[in-house]
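Here is how the chains run, residue by residue.
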Amino acid sequence: MWGLFFTLEDKVQGNSYRIIFLHVPAAFLSQSLYIAMAVASVTYLVWRVKLAAYLIVAIAPIGAMLTFIALSSGSIWGIPTWGTWWQWDARMTSTLILFIMYLGLISLHSSFNNQEKADKLLSWLVIVGSVNIPIIKKSVEWWSTLHQTSSDKFGENSNIDPSMLYPLIGSIIGFFGLIVCLVIISSKVQIIKRESAKSWVKDYV
Amino acid sequence: MFNSAFKSVEEAIYMNGHGIYVWSVVAIVTFCLVCSFIYYKIKIKRLKKKLDESN
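Same order as they appear, the protein sequences are chains B and Z.
Residue numbers 19 to 223, in the working numbering, belong to the letters of the first sequence in order.
Residue numbers 122 to 176, in the working numbering, belong to the letters of the second sequence in order.
Worth flagging that the hints you see were computed from the coordinates, not collected in a lab.
Hints are not guaranteed to be accurate.
Heads up, simulated BS3-like pairs for lysine-lysine below, C-alpha to C-alpha not over 30 angstroms straight-line [stated by the list, open to error]:
(1) Z:LYS169 to B:LYS216
(2) B:LYS29 to Z:LYS128
(3) B:LYS220 to B:LYS135
(4) Z:LYS170 to B:LYS206
(5) B:LYS211 to Z:LYS170
(6) Z:LYS164 to B:LYS216
(7) B:LYS29 to Z:LYS166
(8) B:LYS138 to B:LYS68
(9) B:LYS29 to B:LYS211
(10) B:LYS29 to B:LYS220
(11) B:LYS206 to Z:LYS164
(12) B:LYS68 to Z:LYS170
(13) B:LYS211 to Z:LYS164
(14) B:LYS206 to B:LYS216
(15) B:LYS135 to Z:LYS128
(16) B:LYS220 to B:LYS206
(17) B:LYS29 to Z:LYS169
(18) B:LYS211 to Z:LYS162
(19) B:LYS135 to B:LYS29
(20) Z:LYS128 to B:LYS206
(21) B:LYS156 to Z:LYS162
(22) B:LYS220 to Z:LYS162
(23) Z:LYS128 to B:LYS216
(24) B:LYS216 to Z:LYS162
(25) B:LYS216 to B:LYS135
(26) B:LYS138 to B:LYS29
(27) B:LYS68 to B:LYS135
(28) B:LYS68 to Z:LYS128
(29) Z:LYS169 to B:LYS135
(30) B:LYS211 to Z:LYS128
(31) B:LYS138 to Z:LYS128
(32) Z:LYS164 to B:LYS29
(33) B:LYS135 to B:LYS206
(34) B:LYS135 to Z:LYS170
(35) Z:LYS164 to B:LYS138
(36) Z:LYS171 to B:LYS206
(37) B:LYS220 to Z:LYS166
Listed below are several chain Z residues computed to face chain B (Cβ distance under 7 angstroms; list not exhaustive) [claimed, not checked]:
(38) ILE134
(39) TYR142
(40) SER145
In this text, all values refer to a predicted model and were calculated from it rather than measured experimentally.
C-beta atoms are modelled at their ideal positions from N, C-alpha and C, and glycine is treated no differently.
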């Protein structure tokens with residue numbers, strides 16, 4: 019709301035820049051969730067913590083949704099800004115790969131009858147796929163891309179005006195809160211589903 | 122800090138021709154988040170019902 023209604027119009031991009039307040043949090047959290055999945059995968063494979071495996075399955079659809087939001091909002095933003103909704107540049111392509119990876123992980127897990135086997139395979143695939151995260155992050159530096167370079171410096175070195183930076187930080191925090199709630203609800207679904215035979219789940223429900 | 126960037130509701134909707142892009146993104150984000158919450162709420166309700174029946 020702050021970003022949408024109370025920040026000044028951008029001199030170059032006009033009002034279309036307001037998409038930043040939704041695009042950046044979605045893109046940032048889609049990658050952060052993948053890192054969380056990678057950490058959960060290592061936890062599951064090393065210490066055999068079942069909850070970590072449930073967390074991977076719970077996070078994947080939310081990560082896919084956020085990547086979809088990042089891709090679609092970026093494409094819509096691209097129409098007035100770049101004159102095109104899609105370009106096969108490094109940032110966009112690597113984000114599309116992240117989206118496909120999320121979808122692949124979801125469909126792979128649901129295609130297995132043996133849940134333990136599926137968890138193990140999923141964990142390995144998440145770890146292997148995590149190589150894409152630094153590629154997404156560094157793609158704008160490694161290759162010449164249509165997508166702008168990173169503006170993630172804060173404080174005096176920031177290349178975003180404070181009148182836009184603070185609402186953006188607020189938006190990221192707000193998005194983070196919503197996504198944490200979604201992950202908790204999704205994890206609850208996984209726990210009830212997978213532990214339904216246990217008496218404590220029956221007592222809890 | 123909290124002075125409105127627009128003089129009227131119409132201006133806020135139109136956004137100098139960029140409203141269609143901004144509001145369509147707002148619609149996509151709202152739709153995705155609301156659908157996700159509803160989907161998980163329904164799923165928990167169904168699982169609880171299933172567990173109640175099996176007890």
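Verification of the supplied hints:
1. Restraint check for Z:LYS169 and B:LYS216: satisfied, since their Cα atoms lie roughly 14 angstroms apart, inside the 30 angstroms limit.
2. Of the supplied pair hints, the one linking B:LYS29 and Z:LYS128 holds, its CA atoms being roughly 18 angstroms apart against a limit of 30 angstroms.
3. For the suggested pair B:LYS220 and B:LYS135, the alpha carbons sit about 25 angstroms apart, so the restraint of at most 30 angstroms is met.
4. For the hint linking Z:LYS170 to B:LYS206, the alpha-carbon distance of about 15 angstroms falls within 30 angstroms, and the restraint holds.
5. Among the hinted pairs, B:LYS211 with Z:LYS170 is consistent with the structure: their alpha-carbon atoms are about 12 angstroms apart, no more than 30 angstroms.
6. Simply put, Z:LYS164 and B:LYS216 have alpha-carbon atoms about 19 angstroms apart, close enough for the 30 angstroms limit, and the pair holds.
7. In summary, the hint linking B:LYS29 to Z:LYS166 is not supported, as the alpha carbons are separated by about 49 angstroms, beyond the 30 angstroms threshold.
8. Restraint check for B:LYS138 and B:LYS68: the C-alpha separation of about 11 angstroms stays at or below 30 angstroms, so the hint holds.
9. At most 30 angstroms may separate the alpha-carbon atoms for a hinted pair to count; B:LYS29 and B:LYS211 exceed this at roughly 52 angstroms.
10. Among the hinted pairs, B:LYS29 with B:LYS220 is inconsistent with the structure: their alpha-carbon atoms are about 59 angstroms apart, more than 30 angstroms.
11. Note on B:LYS206 and Z:LYS164: the hinted pairing holds, with a Cα-Cα distance of about 10 angstroms set against a maximum of 30 angstroms.
12. Under the criterion of a C-alpha separation no larger than 30 angstroms, the hint pairing B:LYS68 with Z:LYS170 is consistent with the structure, at around 24 angstroms.
13. With a CA separation close to 10 angstroms, the supplied pair B:LYS211 and Z:LYS164 stays within the 30 angstroms bound.
14. As the CA atoms of B:LYS206 and B:LYS216 are separated by approximately 14 angstroms, the hinted pair is consistent with the 30 angstroms bound.
15. Taken as a hint, the B:LYS135 and Z:LYS128 pair is broken in the structure, with Cα atoms around 59 angstroms apart against an allowance of 30 angstroms.
16. Under the criterion of a C-alpha separation no larger than 30 angstroms, the hint pairing B:LYS220 with B:LYS206 is consistent with the structure, at around 13 angstroms.
17. Distance hint between B:LYS29 and Z:LYS169 is unfulfilled; the C-alpha atoms sit about 54 angstroms from each other, more than 30 angstroms.
18. For the suggested pair B:LYS211 and Z:LYS162, the alpha carbons sit about 14 angstroms apart, so the restraint of at most 30 angstroms is met.
19. In summary, the hint linking B:LYS135 to B:LYS29 is not supported, as the alpha carbons are separated by about 54 angstroms, beyond the 30 angstroms threshold.
20. Using a Cα cut-off of 30 angstroms, the hinted pair Z:LYS128 and B:LYS206 is violated, with the two alpha carbons roughly 45 angstroms apart.
21. For the given pair, B:LYS156 sits about 38 angstroms from Z:LYS162 by alpha-carbon distance, which is inconsistent with the 30 angstroms threshold.
22. The straight-line distance between the Cα atoms of B:LYS220 and Z:LYS162 is roughly 18 angstroms, inside the 30 angstroms bound, and the hint therefore holds.
23. Using a Cα cut-off of 30 angstroms, the hinted pair Z:LYS128 and B:LYS216 is violated, with the two alpha carbons roughly 60 angstroms apart.
24. At roughly 22 angstroms between alpha-carbon atoms, B:LYS216 and Z:LYS162 fall within 30 angstroms of each other, so this suggested pair holds.
25. Between the alpha carbons of B:LYS216 and B:LYS135 the distance comes to roughly 20 angstroms, so the proposed pair stays at or under 30 angstroms and holds.
26. For the proposed pair B:LYS138 and B:LYS29, the alpha carbon gap of about 51 angstroms is over 30 angstroms, so the pair is violated.
27. At roughly 12 angstroms between alpha-carbon atoms, B:LYS68 and B:LYS135 fall within 30 angstroms of each other, so this suggested pair holds.
28. Distance hint between B:LYS68 and Z:LYS128 is unfulfilled; the C-alpha atoms sit about 55 angstroms from each other, more than 30 angstroms.
29. For the given pair, Z:LYS169 sits about 26 angstroms from B:LYS135 by alpha-carbon distance, which is consistent with the 30 angstroms threshold.
30. Proposed proximity of B:LYS211 and Z:LYS128 is contradicted: the alpha carbons are some 52 angstroms apart, above 30 angstroms.
31. A C-alpha spacing of about 57 angstroms is found between B:LYS138 and Z:LYS128, which places the hinted pair above 30 angstroms, so the restraint is violated.
32. Taking the CA atoms of Z:LYS164 and B:LYS29, the gap is near 46 angstroms; set against the 30 angstroms cutoff, the hint is violated.
33. For the given pair, B:LYS135 sits about 21 angstroms from B:LYS206 by alpha-carbon distance, which is consistent with the 30 angstroms threshold.
34. For the hint pairing B:LYS135 with Z:LYS170, the CA-to-CA distance comes to about 28 angstroms; that is within 30 angstroms, so the pair holds.
35. The hinted pair formed by Z:LYS164 and B:LYS138 meets the criterion: a straight-line CA distance of about 25 angstroms does not exceed 30 angstroms.
36. Between Z:LYS171 and B:LYS206, the direct Cα distance comes to roughly 15 angstroms. Compliance with the 30 angstroms bound is thereby established for this hinted pair.
37. This hinted pair checks out: B:LYS220 and Z:LYS166 have alpha carbons roughly 14 angstroms apart, not beyond 30 angstroms.
38. Taking 7 angstroms as the C-beta cut-off, the interface hint given for Z:ILE134 is violated, the closest approach to chain B being about 11 angstroms.
39. For Z:TYR142, the interface hint holds, since its Cβ comes within 7 angstroms of a Cβ in chain B; the closest pair sits about 5 angstroms apart.
40. Because the closest C-beta pair between Z:SER145 and chain B is about 6 angstroms apart, less than 7 angstroms, the hint holds.
Taken one by one, the earlier hints fail for this structure at numbers 7, 9, 10, 15, 17, 19, 20, 21, 23, 26, 28, 30, 31, 32, 38, listed in ascending order.
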